[in-house]
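Participant: Below are the chains, spelled out letter by letter.
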Amino acid sequence: MKKATRIFARIFVWTMLVLMYAPILVLMVFSFTEADTIGVWNGFSFGLYPQLFQDEELVTVVLNTILVALASAAVSTVLGTMGAIGIHYSRRRMKAALEGVSQIPVMNAEIVTALSLTVLFVYFGIQFNFITLLIGHVVLTLPFVVLSINPKLQQMDPNIYEAALDLGARPSHALRRIILPQIMPGIFSGFLLSVTLSLDDYIITAFTRDTSFSTLSTYVYGATAKGALPPTLRALTTVIFVFALVLLIVINIRSHRKKEAAR
Amino acid sequence: MSKIKFTRKWLALPYALFMILFVVIPLFLILAYAFTDAEGNFTFNNLLTFFGNGSSINTILVSFIIGVANTVICLLIGYPVAYFLAHRDMKMPAVMMLLFIMPMWINFVLRTAASRDLLFWIGINGGEYPYLATMIGMVYNYLPFVILPLYTTMTKLDYSQIEAASDLGARPRQTFTKVILPMTAPGIVSAATMVFMPTMSSFVISDVMGERKLSLIGNSIQLYFDQGLWHMGSIVAVVMLLLIAIGMFATKNVQKEDDVRGTML
Amino acid sequence: MMKRFLSLLLLSVLVLGCFSACGSESERVLRVYNWQDYIDEGDDETPSVLDAWAEDYYARTGEKVRVQYDTFETNETMLNTLKTGKSQYDLVCPSDYVIQKMIAATENGTDDNLALEKFDYSKLENYTNYASPYIKQVFGENGFDGYAVGYMWGTVGIIYNPEYVDEEDTKSWEIMWNPKYQNRITLKDSVRDAYIPAMSAVYREQILALDGLGLSSAEYRKRLGDLMNSTASEDIDAAGEALKSMKDNIYGLEVDSGKTDIVAGKIHINQAWSGDAAYAIYEAEETAGVQLNFSVPEDGGSVWFDGWVMPKGADTELAHDLVNYLCAPEVAVRNMDYIGYTSIVAGDEVFDYVLESYSAEDGEHTVDLTYYFNGTLSEDYYSEDGKILVQTDEVGRMFSAQYPEESVALRGFIMRDFGNKNEEVLTMWAGFKSNNIAPEILIAIFSVIILGAVAVFLWFTKPKRDSARRRKEWLAKQK
Chain D
1 MKKATRIFAR IFVWTMLVLM YAPILVLMVF SFTEADTIGV WNGFSFGLYP
51 QLFQDEELVT VVLNTILVAL ASAAVSTVLG TMGAIGIHYS RRRMKAALEG
101 VSQIPVMNAE IVTALSLTVL FVYFGIQFNF ITLLIGHVVL TLPFVVLSIN
151 PKLQQMDPNI YEAALDLGAR PSHALRRIIL PQIMPGIFSG FLLSVTLSLD
201 DYIITAFTRD TSFSTLSTYV YGATAKGALP PTLRALTTVI FVFALVLLIV
251 INIRSHRKKE AAR
Chain U
1001 MSKIKFTRKW LALPYALFMI LFVVIPLFLI LAYAFTDAEG NFTFNNLLTF
1051 FGNGSSINTI LVSFIIGVAN TVICLLIGYP VAYFLAHRDM KMPAVMMLLF
1101 IMPMWINFVL RTAASRDLLF WIGINGGEYP YLATMIGMVY NYLPFVILPL
1151 YTTMTKLDYS QIEAASDLGA RPRQTFTKVI LPMTAPGIVS AATMVFMPTM
1201 SSFVISDVMG ERKLSLIGNS IQLYFDQGLW HMGSIVAVVM LLLIAIGMFA
1251 TKNVQKEDDV RGTML
Chain B
2001 MMKRFLSLLL LSVLVLGCFS ACGSESERVL RVYNWQDYID EGDDETPSVL
2051 DAWAEDYYAR TGEKVRVQYD TFETNETMLN TLKTGKSQYD LVCPSDYVIQ
2101 KMIAATENGT DDNLALEKFD YSKLENYTNY ASPYIKQVFG ENGFDGYAVG
2151 YMWGTVGIIY NPEYVDEEDT KSWEIMWNPK YQNRITLKDS VRDAYIPAMS
2201 AVYREQILAL DGLGLSSAEY RKRLGDLMNS TASEDIDAAG EALKSMKDNI
2251 YGLEVDSGKT DIVAGKIHIN QAWSGDAAYA IYEAEETAGV QLNFSVPEDG
2301 GSVWFDGWVM PKGADTELAH DLVNYLCAPE VAVRNMDYIG YTSIVAGDEV
2351 FDYVLESYSA EDGEHTVDLT YYFNGTLSED YYSEDGKILV QTDEVGRMFS
2401 AQYPEESVAL RGFIMRDFGN KNEEVLTMWA GFKSNNIAPE ILIAIFSVII
2451 LGAVAVFLWF TKPKRDSARR RKEWLAKQK
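Protein chains in written order, with our numbering: chain D, 1 to 263; chain U, 1001 to 1265; chain B, 2001 to 2479.
Think of the hints as simulated: they come from the structure by calculation, not from any bench.
Since the model is a prediction, treat every value here as computed from it, not as a measurement.
For every residue, glycine included, the Cβ atom is placed at its ideal position computed from N, Cα and C.
You may find that some hints are simply not true.
Claimed, not checked - Which residues of chain D face chain U? A partial, calculated answer using Cβ under 7 Å: (1) V13; (2) M16; (3) I24; (4) L27; (5) L67; (6) I111; (7) L120; (8) Y123; (9) I135; (10) S217; (11) Y221; (12) A244; (13) I249.
What the hints assert, rightly or not - Here are the simulated DSSO-like cross-link-like pairs (lysine-lysine), alpha carbons at most 30 Å apart as the crow flies: (14) D:K152 - D:K259; (15) B:K2479 - U:K1156; (16) B:K2479 - B:K2464; (17) B:K2247 - D:K226; (18) D:K2 - U:K1178; (19) U:K1178 - D:K152; (20) U:K1009 - U:K1252; (21) D:K259 - U:K1091; (22) D:K95 - U:K1009; (23) B:K2244 - B:K2222; (24) B:K2222 - B:K2387; (25) D:K2 - U:K1091; (26) U:K1091 - D:K258.
Generate the whole structure from the sequences, applying the supplied hints.
Facilitator: Printed below as a string of structure tokens:
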């Protein structure tokens, strides 16, 4: 790039970054003052943070959110890993059918997925509870687990598995010792992806939950209907952001080290 | 001992059952609801009511326009960002890319509400400018979904071709339109599908940003469902499904990048 | 790597296992489904009303009970929850027109999920003794007896900031269309509440003409109710048109944010339920030092009631006990003080609370609340001519939001269920909620987009078509 272009590129990218971060940064800055709304500064204070951790309802909501995310990601990962391996070794027509079905929740509008699940549960007279919510989240995340494992299966050398069988390994043993380790990175990123998707979800949660069970999304949505965001949520935003930042740094340092080690 | 020989394809059985039970059957139920009345008799009335009043056409057209506008704006911003990030001159591209994805780790509703409060503070309130505020909210939310697939495509660009073009005397604009743009077309298409359909069917952003003054297809489904008119809600959902199917058909010939959300990690 | 991952999996499964195990305690549970912010939820020192009831119940019977308390924001959300059988409840708190719908469903057997159990008044001593005679009369008139026991009541009106808004303008629902206040007004995002200003606009002349007919208040509220609840197809259409013409004048629609937005100064006029008005007026004065007023427009004054009902299959014994507890005047005062709404319960404690909050020795208004408290008070509260009077400066403000004057209360109409016209009204509502953009403009933008898309497509495929044409020409030449 020419020098002028390079300067322009820098400015453009950084401006966009600043704009992307503006709402979050503003919340984070105003989490250090106890004013009712952003834009009002009532003096520097850490007061919102103790308030956040004493707010029992909000703490329950955060724990609920994490619980749903971990549980649905666990179910999705197990089902999805089995599914991905099964699809990979299915015959052509079966494979095409299953891959097609996997695409539906990915392409479908989330509200249609949510509505269709609600209709299903109501039609069969099922009470809405934690399980229905879990199913909703598994529907949301399952295809992404399959999608992230698929490429690893395709890269795999099929001969190793055959060799293991020839050498007398039982199929289940070969599966565990040969296939699983090779696709493990895919499984792991599928799991993480599921967690992120589930944490972020509002629509499916709102439709498939039992009314007494709130997650962060439904809680915040209820709060937005009451006016500006309540102050404690500003503190929560900061906590989540710092947590995510630390997580990202740790992951990156580790993968960097691994690359170094591989060299 | 079991007589059936265990083969690996049987592992797909629970997956297949789950998908049939919770993905395929529900869609058929929606279809059934869309074409029945409260007593369960087959009817086209829902469809006729839906297309018979101007408000549905209005909602679909507005959703379409906002969807296109959001896609175009996101591409106009996201394309250069991805191009610059992927360019060899950019330092630490991976870190920069992560910085663009980071906001997605904050809860979606929280992010949207935060941008509403910020816009209100600087004077762009959803009451007076419902469409402007909603558009800003949409772009803010969907920009990462555009940058990601474009970035992935661009990191795979064959720079020797670009250099060859300029060596052979192509002006920068020609290089861009004849070489770079065609090479990144798959990324553009996959970015567009990640933005266009979700925009049309969203209802949280329009509700929160627009003070409930505007209505997209998602709002319409939500409204009918909330008021207990399930059969009407289902017909809107079926229309949405049809639009998605058309969209998939239109882009099916373009080779697509892996799903954006798949490249997020 | 794999080991750590598996242990992570196991952990989440364990957490899940605990969740289902933890939920299966065999404690007796009363499931209550109420409006958001609609009961005293206690603070650091005092337990919530529901906890206090559970303790009280334990003291009386020796049995431990737990209350599972869920909330909703609109009647429609609540109805949907019940209709889908999403969750099972013992006590629910719907509004008047929804109670009417549920009673109809019970008596006609049309929807099992909406069917109700009946109350036994002999187990509701507090209600029989302390409920306001006015409330009992209205409940009887509307056929709610047996199925519903009142909880809170009030009017639908306007909160306004007198610094920016003329008091004169607030006497009519026309204010919602007044360009003077453009983008400073919010409307409730509920078809039932929005129908009030809309029908007032449709029938304004007829409504104002009712005044000159010399009707008794019972006749007046019946005639007004017939006009305001009309669901004739042409009236629904007219209401839709009226609402559409309002849309560009208002700031937005809101579910629950009006009362905080008007305190924050974001808006100056807010269509509101009286209890939210009382809350907003109090908050504005306490936190921002701003004065807010409340007015019930005269061209379509509306009165509403929320009451407890027991869905079929409810634990009726516990439900009766809690409802009776909530009807005790001292508990009613706790709730009123906390949420700002007005309990249907009268009695000495409630009247003391009214005096304490609003009475002023040399207040400029004397308000007659006989219609409301008569028969529930001890003798010392009556004036010489047998009336129950309050002297106050708070008329037009919090006091009027909590206790409307007799003329407002007795002349106010009650919203009715739309019945089989429901779908038609909702279609009108969906039309209002869609976008206020002229179809010509939409079609013009749409065509431009399509033309643009075609142009881009042609431009992109031009090289291919060119080369195809050249190849054809070349082939033709070869022949």
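Participant: Against chain U, is D:A244 within 7 Å by beta-carbon distance?
Facilitator: Cβ of D:A244 sits 4 Å from chain U, so the hint holds.
Participant: Given the hint that U:K1009 pairs with U:K1252, test it: the Cα-Cα distance must not exceed 30 Å.
Facilitator: Status holds; Cα separation ~27 Å.
Participant: Do the numbers back the hint for D:M16, that is, is its least Cβ distance to chain U under 7 Å?
Facilitator: D:M16 check passes; min Cβ-Cβ to chain U is 6 Å, inside 7 Å.
Participant: Holds or violated: D:K259 and U:K1091, Cα atoms, limit 30 Å.
Facilitator: Given pair D:K259, U:K1091 holds - Cα atoms ~19 Å apart, limit 30 Å.
Participant: Classify the hint on D:V13 as holds or violated, based on whether any CB of chain U lies nearer than 7 Å to its CB.
Facilitator: Holds, about 5 Å.
Participant: Check the hint pairing B:K2479 with B:K2464 against an upper bound of 30 Å on the C-alpha distance.
Facilitator: holds (23 Å)
Participant: Taking only the CA atoms, is the gap from D:K2 to U:K1091 under or equal to 30 Å?
Facilitator: Holds, because 15 Å separates the two Cα atoms, which is no more than 30 Å.
Participant: Restraint: D:Y221 near chain U, CB-CB cut 7 Å. Satisfied or not?
Facilitator: Since the shortest Cβ distance to chain U is 5 Å, the answer is holds.
Participant: Does the structure keep D:K95 and U:K1009 at a Cα separation of 30 Å or less?
Facilitator: holds (10 Å)
Participant: Using the nearest Cβ pair, does D:I135 come within less than 7 Å of chain U?
Facilitator: Hint on D:I135: holds, closest Cβ of chain U at ~6 Å, below 7 Å.
Participant: Please work out if D:K152 and D:K259 have their alpha carbons no farther apart than 30 Å.
Facilitator: holds (18 Å)
Participant: Less than 7 Å between beta-carbons is the criterion; does D:I24 satisfy it with respect to chain U?
Facilitator: holds (6 Å)
Violated hints, in rising order: 5, 13, 15 and 19; the structure is consistent with all others.
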